[in-house]
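Asks: Okay, here's what each chain looks like letter by letter:
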Amino acid sequence: MNDALRLNADVVDRARAAASAIADDIQQHIERHTTDTTERATLRLLGISGVNEIDVPLVNVVAEHARELLPGGIMRPFVDLMIQTGKNAQQVAEGVAAGDLALADVPAERRAAAETRAAALAEEGVARIDAVRARRNELVAETGEAVKPYVYVIVATGNIYEDAAQAQAAARAGADVIAVIRTTAQSLLDYVPFGETTEGFGGTYATQENFRLMRKALDEVGAELGRYIRLCNYASGLCMPEIATMGALERLDMMLNDSMYGIIFRNINMRRTFVDQYLSRLINARAGIIINTGEDNYLTTADAFEKGFTVVSSDFINEAFALRANLEPWQIGLGHAFEIDPAKPDQVVYQIADAQLVRQLFPGYPLKYMPPTKYMPGDIFQGHIIDGMFNFTGIFTGQEIMLLGMLTEALHTPLLQDRYLSIKNAKYVFESCRDLAGEVTYKPGGMIEQRANDQLQKAAEQLEHVREIGLFTALEEGEFADVKRDPRGGRGFEGVFEVAADYFNPFFAALREGRMSGAPAGPAPGASIPAAEGGH
Amino acid sequence: MNDALRLNADVVDRARAAASAIADDIQQHIERHTTDTTERATLRLLGISGVNEIDVPLVNVVAEHARELLPGGIMRPFVDLMIQTGKNAQQVAEGVAAGDLALADVPAERRAAAETRAAALAEEGVARIDAVRARRNELVAETGEAVKPYVYVIVATGNIYEDAAQAQAAARAGADVIAVIRTTAQSLLDYVPFGETTEGFGGTYATQENFRLMRKALDEVGAELGRYIRLCNYASGLCMPEIATMGALERLDMMLNDSMYGIIFRNINMRRTFVDQYLSRLINARAGIIINTGEDNYLTTADAFEKGFTVVSSDFINEAFALRANLEPWQIGLGHAFEIDPAKPDQVVYQIADAQLVRQLFPGYPLKYMPPTKYMPGDIFQGHIIDGMFNFTGIFTGQEIMLLGMLTEALHTPLLQDRYLSIKNAKYVFESCRDLAGEVTYKPGGMIEQRANDQLQKAAEQLEHVREIGLFTALEEGEFADVKRDPRGGRGFEGVFEVAADYFNPFFAALREGRMSGAPAGPAPGASIPAAEGGH
Amino acid sequence: MVIRPYGDTRDDGIMQFSFTLPMPYSIKSADVGKQFLEKLGFHTVAIAECKAIDPQYTLFVAYGRTDAGIDPDEVKGDYLEVDEMDYYAINGLIKDKLGRKLSVVGAAIESDAHTVGIDAIMNMKGFAGNYGLERYPEMDALNLGSQIPCAQLVKTALERDADVILVSQIVTQKNIHVQHLTQLIELIEAEGVRERFVLIVGGPRINNAFAKELGYDAGFGPRTTPLEVASFMAQEVVRRHEDS
Amino acid sequence: MVIRPYGDTRDDGIMQFSFTLPMPYSIKSADVGKQFLEKLGFHTVAIAECKAIDPQYTLFVAYGRTDAGIDPDEVKGDYLEVDEMDYYAINGLIKDKLGRKLSVVGAAIESDAHTVGIDAIMNMKGFAGNYGLERYPEMDALNLGSQIPCAQLVKTALERDADVILVSQIVTQKNIHVQHLTQLIELIEAEGVRERFVLIVGGPRINNAFAKELGYDAGFGPRTTPLEVASFMAQEVVRRHEDS
Ligand code: B12
Ligand code: B12
Ligand SMILES: Cc1ncc(COP(=O)(O)O)c(C=O)c1O
Ligand SMILES: Cc1ncc(COP(=O)(O)O)c(C=O)c1O
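Chains as they are written, first to last, in my numbering: chain A, 587 to 1122; chain B, 587 to 1122; chain C, 138 to 381; chain D, 138 to 381.
Check the hints yourself; a few may be wrong.
To be verified - Examples of chain C residues lying across from chain A (beta carbon under 7 Å, computed):
1. G144
2. T146
3. D148
4. A185
5. E186
6. V198
Said to hold, decoys possible - One-sided excerpt, in silico: chain B residues whose CB lies under 7 Å from chain C:
7. T770
8. A771
9. T887
10. L1002
11. Y1006
If you are wondering where the hints come from, they were derived from the structure by calculation, not from laboratory data.
Please read all numbers here as calculations on a predicted model, not as lab measurements.
We treat Cβ as the ideally placed atom computed from N, Cα and C, and that holds for glycine.
All chains, please: the whole structure from these sequences, using the hints.
Replies: Structure, rendered in structure tokens:
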């Protein structure tokens, strides 16, 4: 279906060129800045973990302690201290936290040694990521690969053990990807909580230990089912690169990672977010993680029919940033979906036009198609049907990652049975309509083709306008999601630092160099009908 | 979408020609026979109604009493007795029932007078039907016409008052046609029960009074909604022409009337059924009633994927009989649907192929598309989705009458809320996908086109085979629904009579002559969003 | 161990409800629904939807929690755990132990015209990948089909010296199936021939305990396979044969 | 008059249920589900579906009947029946009776980032065909947006001499909304400024009675329109103004 609609190729080129220019502009800002979380992520990549006696992560303690050193990059002083004390990274961090050690500017004569050692440590850090990635490749090959579209569901009990049990049940029912929703507003924390957690609000804390526990549960159930089950969590927020690091180490397979979500939906400072997303994506890229962008959120505040094109423009921008962060196309899971009011006549027809447009604009990308949320009714039966037509749109337009809608979306985070019912809904629609798209062609010049070209045209115009005024100003003026943000306002601005002339961070180079490429591949799944179905 | 699939026109012609020959053959049998219910219907058309002291309808009492006269037709002796006694039809019937009057062969010298009077009475009887039809036309024009596809739902509480209340609720929720399901096995009763009834099993007795009560309820709610609400009941069974008469008089708008359903599914004698269906359809035709045939039933016993073509052949046969009974195309609501196991890959794709095939074979006919039943699960949520994809198939292939599936089909006759939820399901799918079919074309030579032509080919072959062996033998051999029937077995055979040389029944001619034609027409509905929606 | 409904968290007791109250929608309807569920013993009730589906009726979709639980170990019943054999073993058992064909007659009785269930069990082609009883060389199986009056079924069973009678009942509206099934038992008992048959009933609303209550030897519910029925029949007839 | 759920026939008491029990599926699962519903007081229970959705969990879909009923007339509560006025009338009322602009501050507080609800009420463009409060010439409306700490909201309200504070709470998981709403009330009371504001809360799980319990002046639930809120606000502020 890649040329099912005749799109105006010139307009596609214009849009992409504009997005590219927009990203280039911001990339200059990115290269001139670092952030506290960027530096903390660097420390995590060195292997530092744990918290102090009042539960502040060691990396935060160290970064706070060395705040005035951050513009030069934490690596040089930190590694220098390692050399001076003969301790490893964790020990140095503990020492700093205990007040026994102090970080300081590195005298000129020790710089070269520190930098050489730091570069080696960066290689080691990246090697750990590579090992995890290699392990994923092995496991997928051994276990078996899911059939696309991937069925993606969330768990959000707040308790990692309940989450794990429910994730396993979902996998048995047919889920291919499990996303653990974060507790409300974790994205606003300027640190990453530590350890396993069993209390959360509308989600579960993203911690490295929780990642590990869930990874283990999914590996278990994957082996049982003969189908590698993917794990997803959220990078976007105040700690993007740190969470990306944790994800890389605990073998997450997907991460929500949007270059602008934090800005628009969390009021995180824009200068901060752009810098953060860069390192986090470099890490995702290295780790073989698929990113998911968050354009669906736009239409929870703006109207999908009128402002659907903003999703398209934003996808182009996210693509441009992703390519700059070394992500390969198979890793760029641009998010989209156009939740038009179900009361609108021909809602599904427009929904198809929009979905097909994005599908064609980004061939080879594992697009993530987002479910109905805003218009989901309290009448769960009707909601289930709206979800069904959404599933239909997904299979009909060849989406690759289907975040399933839940019949209870208007009410609560999914119950065990909600997830089961939604998976059955999707599986039925996917299988029963699998070859329909191949059986039909769109009418040239019809309402679908027109709508698609119209959306494309508007997106290109918007992007050209944004290129004109610059992305910062565009965000200030509310170009996306009808939300306006102050370039100097929002959270985390105090953690943005212009880099010193001698800024040093060997991870940027290490992450780019000598990386593997390609998606993991495995045989068809072992058993497509889950064992549990046996008993009726 | 009438030429959306390239069907082999020669094969269509072959199939239709064979069906025509099959019907011609049976039509000879029909013309050589009468049945007790045919004669009873004649009496009803004269205006006779009511029951005796042990609840036997007067028409049955009279026909039973005059059993040996039936081969000559009941009209001549009956009207003769009216002339002799100077009483009207009802009084004569009551006299006969009371034992005060007796029917007898009419002496040659009184025949002409009796026949002339009978012909006049037949005109009068038919005029009553015409008046009812004219009233429908008026009401539709006044009230407003529903938008197609018509939403068709059933009520089946057993209690006509509950039925009426539920029918009104359904209309308010969006139903356009209400079918009152008959109590279990009423079709096997060789009489039509009398009066209002409040007890039934899985349905409500079809009585003239119940028809009237329901008609009244629907007229009321139609006026409220600005949309004429159609009423449907069942003719098929042991009393086809009698029920058709009642339907004509009480302004039913649709009737289940299949030339073979009684034979195959109720083991009613085939010689009987063919005769009965003829008069019943002549009456339906005159009354401006749309008939619904029952081919969907075939696939409850036979497999839809393998034997779907038998539905197509049977549609051709029902068409041929319908045309012979003077029905106009807009009245011939051929029933179809191919309930393929939802577990079969591409189930919906095949479902579309089959539905589109029938749509194209019978252009201009108000096809009735039948819902999933056999494979409906106890899991009502999943059932609701299967119904949703069925609704999708209906709107995508341009069906005109959609009998809605109910999420609780595997459990019970619909609850009030089941019907509401199903209507919302259908309305959403219809409106949200209304223009999709116009936006796509089928791939030439694709699996849909192939499946359709393959079904057509098999149907033509079957019809040619049936023409060869004759329809009686075909039914004996189980050509339809995998059910085999004895041509001399089954119920009601004792009520079939070879007509005498002087058989006389002026209704046949009267029903054909000078009839109105054309469907009722009215403005778009007054209020498409039901008032009840307002509150929440 | 006592368990409770599981929504999101062990023992949260969450259940989903839908129902219709015959009352016009008003501003307080949601509360009426909520208090009604509270009366039924639920707490933390969330009315997800409360809407007029007609001027006289209001539909509710709700979630609520119960503190009640149940101990599955304490649920005891007359469950039929069939020792399932394969086609060859069943035929072998009959041949070896009964020494003659096992005779079986089946029907959907009285007003019930649903034959797909009994056909699934008896017809040649079978169901769910199993052959039907007609295919078993060691059985003499007759499927009378639909709407068979009880008297006719008994008569045929006696004429054919049937070992087993299979009855199907699908329509349950107003408990009509109970009526029919009782009628059959009463007839058989009235004729004094109860001991001559293994009496089996099946249908979507049938289970073994219920069948036994009515006086049948066994009952089979939804998704029964021919193999289950054939295994049970053969074992039971052979057992009775050996006992006598 | 006492009413009961209506399925098919007046007073049949039919209700639909779904729930999951944390137990492996077995032959007796359907009975466990049935007896559980019976324990809850339902009868004529039909288990429509009972299936393993995991080796440890069994899903039930069921229908059952209750004999319990409820008399809607006896359900009494603190319902907010707003005397709805139109846009012009509201502005007129403020102008005439208050004689100055009505000042209102709104926010989604604490961790709640859902702004669509408060935006629907406050933003220019409005909702459901009504203008939002920002459009009212006689109002001075400020929407602070999402995740506003209680302290900041109160501070702003005091600074602007607000007549009305509008609070939105959408996330209710583990009753976090109760926590936040209580926190706001406590803060306002601690500062001794409770009397200065008409305090209004809204959200999909809010209703008037609940809001009052928490100490607010009014609560608005799902599908609230700006007109309802504006009417209530204007009337209440004017009433207080005239009383004082
Ligand atoms: C097909 C069908 C029909 C066909 C029947 C054709 C035929 N020759 O059988 C037709 C169209 C004729 C029909 C008519 C009616 N039907 Co009907 N029908 C159905 C339908 C769609 C499927 C039933 C089926 O075939 N299931 C498949 C088989 C394989 O399953 P099964 O019967 O459960 O059998 C299995 C087990 O139960 C068991 N089993 C069954 N019998 C036996 C016997 C023995 C001895 C054993 C061991 C096991 C066993 O083994 C089988 C295999 O696993 C159901 C709805 C549904 N989806 O279930 C409604 C349904 C059964 N019908 C219903 C009704 C009301 C009717 C009518 C009465 C409606 C009316 N008033 O006109 C009529 C009249 C029928 C009559 N007089 O009996 C209702 C019954 C409601 C209730 N609970 O009472 C249902 C549930 C539909 C509904 N929601 O209203 N129907
Ligand atoms: C849009 C949305 C989001 C957007 C919000 C964007 C934004 N700027 O608002 C995004 C994507 C950011 C989001 C995030 C989250 N969401 Co959210 N979200 C929704 C969604 C889909 C729609 C809500 C909505 O906009 N409704 C439309 C508005 C118009 O309706 P409303 O809010 O009810 O408002 C009306 C009335 O309630 C009333 N009203 C509301 N406020 C006020 C105030 C006053 C003063 C008055 C008078 C009236 C009033 O008037 C309004 C108009 O009639 C719902 C699901 C759903 N379909 O409802 C989930 C939902 C609310 N979200 C949920 C969750 C859990 C989250 C997260 C916590 C998930 C997570 N862990 O990451 C996050 C974090 C958010 C946070 N920190 O608060 C849950 C809440 C579960 C619960 N009951 O607690 C829901 C129900 C989804 C679900 N099924 O899990 N979400
Ligand atoms: C891209 C992206 N990141 C993160 C999140 C969730 O972040 P938070 O934890 O802020 O709710 C979302 C949620 O929709 C998202 O789309
Ligand atoms: C054509 C036709 N007639 C009649 C009926 C119902 O008849 P009965 O009353 O025999 O169930 C059906 C039901 O499916 C039918 O399809």
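Asks: Min Cβ distance, C:A185 to chain A: is it shorter than 7 Å?
Replies: Cβ of C:A185 sits 4 Å from chain A, so the hint holds.
Asks: Should the hint that B:Y1006 touches chain C count as held when the rule is a Cβ pair under 7 Å?
Replies: Result: holds, 4 Å to nearest chain C Cβ.
Asks: Can C:T146 be said to touch chain A, with a Cβ gap under 7 Å?
Replies: holds, 6 Å
Asks: Less than 7 Å between beta-carbons is the criterion; does B:L1002 satisfy it with respect to chain C?
Replies: B:L1002 check passes; min Cβ-Cβ to chain C is 5 Å, inside 7 Å.
Asks: Could you check if C:D148 really has its C-beta closer than 7 Å to a C-beta on chain A?
Replies: violated, 11 Å
Asks: Does B:T770 hold up as a contact with chain C if the rule is Cβ-Cβ below 7 Å?
Replies: holds, 5 Å
Asks: Grab the minimum C-beta distance from C:G144 to chain A and call the hint holds if it beats 7 Å, violated otherwise.
Replies: Result: holds, 4 Å to nearest chain A Cβ.
Asks: Min Cβ distance, C:E186 to chain A: is it shorter than 7 Å?
Replies: Check passed: Cβ of C:E186 comes within 3 Å of chain A, closer than 7 Å.
Asks: Next item in the hint list is B:T887. Is there a CB on chain C closer than 7 Å to its CB?
Replies: holds, 6 Å
Asks: Hint check: is the beta carbon of C:V198 less than 7 Å from a beta carbon of chain A?
Replies: Where the cut-off is 7 Å and the nearest Cβ of chain A is about 6 Å from C:V198, the hint holds.
Asks: Return the status of the interface hint for B:A771: holds when the least beta-carbon distance to chain C is below 7 Å, violated otherwise.
Replies: Cβ of B:A771 sits 4 Å from chain C, so the hint holds.
Hint 3 alone, counting from the list given before, is not met by this structure.
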